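Novice: Heads up: the sequence lines are chains A and B, in that order.
Every letter in the first sequence is one number past the one before it in my numbering, and letter 188, counting from 1, is 188.
Every letter in the second sequence is one number past the one before it in my numbering, and letter 146, counting from 1, is 146.
I should point out that these hints are in silico values taken from the structure, not numbers from a laboratory.
This structure is a prediction, so every number in the text was calculated from the model and none was measured.
Take the hints with a grain of salt, since some may be wrong.
[Said to hold, decoys possible] Sample of chain B residues facing chain A (criterion: CB under 8 Å; computed from the structure):
#1 Trp66
#2 Leu126
#3 Ile158
#4 Gly182
#5 Trp202
#6 Leu310
Heads up, the beta-carbon is just placed ideally off N, CA and C, and yes, glycines get one too.
So the chains spell out like this:
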Amino acid sequence: MASLDGNSVLVRLRARPRRRRYGPIGAHTFLIAAVIALAGPFVWELLTSFKSLTESTAVPPTLLPSNWHTGNYSSVFSGIPFRSMLFNSVVNALARTCGQLLFCSMAAYAFAWIEFPGRRVLFGVFLSVLLVPSQLLVIPQYQIMQSLHLLNTLPALFLPGMFSAFGTFLLRQFFLALPPELQEAARLDGANPLRIFWSIMLPLARPGLTALGILTLIWSWNDLLWPLIVNTDPGKMTLSAGLASLQGQYLTDYPVLMAGALMATVPVIVVFVVLQRRVVEGIALTGTKG
Amino acid sequence: MTMAATRTGARSAASAGESAPAPAGSRTTGRLGRRRPGGAARRSNALWAALFLAPTALGLGVFYLWPVVQTLYYSFTTWGPFGGHTWSGLDNYRQILHDPDLRSAFENTAWYCLLGLLGIPVSLALAAVLGRPGRRGVAAYRTLMFLPVVTMPAAVAIVWRWLYNGDYGLINALLRKVGIHGTYWISDPHTALIAVVVVGIWSTVGYNMVILMAGLQSIPRQYYEAAEVDGAGPVRQFFALTVPLLSPSLFFVTVLSVIGSLQTFDLVYMLIGRTNPALPQTRTVVYLFYQDAFIDNNRGYAAAMAFLLLLVIVAVTAVQFRLQRRWVHYG
Numbered sequence: 001m002a003s004l005d006g007n008s009v010l011v012r013l014r015a016r017p018r019r020r021r022y023g024p025i026g027a028h029t030f031l032i033a034a035v036i037a038l039a040g041p042f043v044w045e046l047l048t049s050f051k052s053l054t055e056s057t058a059v060p061p062t063l064l065p066s067n068w069h070t071g072n073y074s075s076v077f078s079g080i081p082f083r084s085m086l087f088n089s090v091v092n093a094l095a096r097t098c099g100q101l102l103f104c105s106m107a108a109y110a111f112a113w114i115e116f117p118g119r120r121v122l123f124g125v126f127l128s129v130l131l132v133p134s135q136l137l138v139i140p141q142y143q144i145m146q147s148l149h150l151l152n153t154l155p156a157l158f159l160p161g162m163f164s165a166f167g168t169f170l171l172r173q174f175f176l177a178l179p180p181e182l183q184e185a186a187r188l189d190g191a192n193p194l195r196i197f198w199s200i201m202l203p204l205a206r207p208g209l210t211a212l213g214i215l216t217l218i219w220s221w222n223d224l225l226w227p228l229i230v231n232t233d234p235g236k237m238t239l240s241a242g243l244a245s246l247q248g249q250y251l252t253d254y255p256v257l258m259a260g261a262l263m264a265t266v267p268v269i270v271v272f273v274v275l276q277r278r279v280v281e282g283i284a285l286t287g288t289k290g
Numbered sequence: 001m002t003m004a005a006t007r008t009g010a011r012s013a014a015s016a017g018e019s020a021p022a023p024a025g026s027r028t029t030g031r032l033g034r035r036r037p038g039g040a041a042r043r044s045n046a047l048w049a050a051l052f053l054a055p056t057a058l059g060l061g062v063f064y065l066w067p068v069v070q071t072l073y074y075s076f077t078t079w080g081p082f083g084g085h086t087w088s089g090l091d092n093y094r095q096i097l098h099d100p101d102l103r104s105a106f107e108n109t110a111w112y113c114l115l116g117l118l119g120i121p122v123s124l125a126l127a128a129v130l131g132r133p134g135r136r137g138v139a140a141y142r143t144l145m146f147l148p149v150v151t152m153p154a155a156v157a158i159v160w161r162w163l164y165n166g167d168y169g170l171i172n173a174l175l176r177k178v179g180i181h182g183t184y185w186i187s188d189p190h191t192a193l194i195a196v197v198v199v200g201i202w203s204t205v206g207y208n209m210v211i212l213m214a215g216l217q218s219i220p221r222q223y224y225e226a227a228e229v230d231g232a233g234p235v236r237q238f239f240a241l242t243v244p245l246l247s248p249s250l251f252f253v254t255v256l257s258v259i260g261s262l263q264t265f266d267l268v269y270m271l272i273g274r275t276n277p278a279l280p281q282t283r284t285v286v287y288l289f290y291q292d293a294f295i296d297n298n299r300g301y302a303a304a305m306a307f308l309l310l311l312v313i314v315a316v317t318a319v320q321f322r323l324q325r326r327w328v329h330y331g
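Bound conformation, chain A alone (with noise of 0.2 Å):
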């Protein structure tokens, strides 16, 4: 702006309460641009999934349906087993979840707490997974599956993602962050390491647990290369490969495919919009400190 001193105090008595008025107007209409190219095609989807067949592919498009069809749901039901479906992927999104709050914890109070022989070493190579992208595990990691006769099992789905190398590295953040008295007070009393991470540091590493399990539920329930490789039997997918499936079956029948989606996708919303705020803690979370 102005660069003498006088002018600019002048500019900025001027500007200020003009920006205040007009400011939030801008800012609004601009997020609410981004609000409609954002969640609009969520709506879009919504009406889409109860229109008639002939009805969605309209030209000029209708915006609500002239006749709210059910129908697409329940072609969805016959199109693929949308119940097993929805039952796999709930298994698989909590085991993972599960396996990985208790596992990641444990292997992060170590690396954080405990020290011992070859811990860098050790958490040296812990880290060096990060960098592996998961396509180049997924040939060895099928073939452990099939070695074990876990294809098309549940058990496949979720084995290899109950472990994670991002989660320990995440967790052991948090721990690292935790006042070393108290460690050192517990010891003191007599308690043992166990005691000391299920009493002491697990409940203090709360907001580090919630932001790694609602992050491990999202990206389980929506993973979609590696249930689509081991489960190929319809029974056996997860709602994701089960899209895949349906997108298959119904080409172009976008009321049907919608409806599917949707359904797959309500889950996830709904826990998303519950939690938001812990979601969103998390995420910001994992872009400060994991």
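Put chain B on the given structure of chain A with help from the hints.
Specialist: Using the frame of chain A, we list chain B on its own:
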């Protein structure tokens, strides 16, 4: 104080690989085993550590570390149609260097990375506007803008395939209103890649925005007040204050965006599909890998491809960390 803490946190996050062990070494007080250097205590500590580490060590070892070794081995083998494989030395790698499909897949992937970065300024603008102190309705806006992030790519692709449809899609319907005749966005080889990029950006903008907003909140208000007293306008403030102070978060988001783009698969698989005429123009390295490994059962070749991708990811990330010194300022 809190700000300084998060800032250091951001650094260790962004440079997970190189600087993470450092804080571990600097905080040894209170750690079990430091006070009692006796042999018995050490042994007991090692036992406890083994107990705590066993599940993750076993899981990562079996499902993550050993597979890397195995994939490396497979990359030197050729697979028969019925599963058996034979050692073939460097054949796969030699073949890879002259594979036109892989070459174009790498080119496409590079475009996804570059164009995908355009989402970051968008996220930054949203974060700056939404994160302004006193803004109303932050939670509502944030929730709505975050919806694409939590939605599975499989479902996202279904909705967007319809929006992009050349005959009755919403995008062309809107374009028709302003007199533009839209194309078949995802089957036209000229536009398909851009169409995928747009969906990719659409589904990550909310995520980046949240991370950048957290970064913005850690910048003290006093800096802006001081800048305002010095006569810096909003634009000047943005480039002279916000960008440098936010650079650790921007760096983190950039690294994540590039690594994510390098592994693009879901969207191409669902949005484009196997029979799409624009597949050669949109196919990514991971898509080609999936096709070779699990459809054509050409696993040795796919393994070599995956290794090449790992090398590229490591190299690109290393370059980013190098360049980081030029533009990222840690407080």
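Novice: All hints, please: hold or fail.
Specialist: A quick look at each hint next to the structure:
Satisfaction of the interface hint for Trp66/B is found here, the shortest Cβ-Cβ separation to chain A being roughly 7 Å, below the 8 Å cut-off. Among the interface hints, the one on Leu126/B holds; its C-beta lies about 6 Å from the nearest C-beta in chain A, closer than the 8 Å criterion. With 8 Å as the threshold, the beta carbon of Ile158/B comes within range of chain A, its nearest partner Cβ sitting at about 4 Å, so the hint holds. Because the smallest distance between the Cβ of Gly182/B and any Cβ of chain A comes to about 12 Å, over 8 Å, the interface hint for this residue is violated.
The criterion of a C-beta within 8 Å of any C-beta in chain A is met by Trp202/B, whose closest approach is roughly 7 Å, and the hint holds. For the restraint placing Leu310/B at the interface with chain A, the shortest Cβ-Cβ distance is roughly 6 Å, inside the 8 Å limit, so the hint holds.
Checked against the numbered hints above, the structure breaks only hint 4 and satisfies the rest.
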